[in-house]
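Produce the entire structure from the sequences given, and follow the hints as far as they go.
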Amino acid sequence: MRFMVIVKASRDSEAGVMPSTELLAAMGRFNEEMVKAGVMQAGEGLHPTTKGARVRYGNGQPSVSHGPFALSNDLIAGFWLIETNSLDEAIDWMKRAPFEDGEIEIRQVFSAEDFGEALTPELREQEERLRAEVATR
Amino acid sequence: MDSGLILRMPWNDDGENEAPPNHKETPMRFMMLMIPLGYETAPPKIDLDPERVAAMMKYNQALKDAGVLIALDGLHPPSAGARVSFATGKPVVTDGPFTESKEVLGGYWMINVASRAEAIEWAKQCPASENEIIEIRQVQEMSDFSEEVQKAAAGFEDMQQGWGKALR
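In order, the protein sequence lines correspond to chains C and E.
Per my numbering, residue 25 is the first one in the first sequence, and the count goes up by one each step.
Per my numbering, residue 468 is the first one in the second sequence, and the count goes up by one each step.
By construction, these hints were calculated from the structure, which means they are not laboratory data.
Computed from a prediction, not measured in an experiment: that's the story for all the values here.
Every residue, glycine too, gets a C-beta built ideally from N, C-alpha and C.
A couple of the hints might just be wrong.
Here are some, though not all, of the chain C residues that point toward chain E, as calculated from beta-carbon distances under 8 Å [what the hints assert, rightly or not]: (1) Ile30; (2) Glu68; (3) Gly82; (4) Leu95; (5) Phe134; (6) Glu157.
If you want it as structure tokens, here you go:
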């Protein structure tokens, strides 16, 4: 099963404060361990919302607002994509993440099987082709 | 990114819109974070509307055909997820749903474009419904950081070979 681990934004991440060298080194070791175990597929940090935007739909025309956005527990600072056998295994990995505070959220990624009949054979083929093509780019 | 990218963008097909401003030569990675309002209370198993799936696949295909798409995924509702909090020094696990959430992530696209304006233009083309918001956030690259940070994070890009590098 694939999981997205969402790292929540904090006052520091939104202010663009970089983690200490010690924390970065600890994170590097953690990532290395996950890579060696074949668990980690991707991991990225996001620039603060000051540099971001939001697009809202409805009323015909999408409306755009520019960051920064009010800090809440719903804002995101980064993520990992990991593959484990269960949610519990994903949780066990993340309990070992070298965070000193803050919160992460673990969410299962949809696979083609989850879509049921809404994903017709044609759409499924298109989806598989699309993924294969972006993966070789 | 070559200028051909701009020409191939679907919103330029009718000739009404100009190329997005601030076009730079260096490609930038952006996450388009899909936030479906109400998803925070969705049951663990949800049904999808085939018509909406087909419309989204058309949009995904347009992103791919323009050479913009790096990766995309949909996420199961938070009611099937968990949170790990580090606030007390020891990890504390909470199972979903998370009652205090007002906005949760439903999925994402990672795209490679020349500017934030270009990312916004792509988001505007998304066949999203009225209860949805797309948040656009730039992905941090190693070159965004100081030398000291780059040194401490050495090897990180290699770790992403299974995904990040192959798609860049």
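Unsatisfied constraints (hint numbers, rising): Failing hint: just 4.
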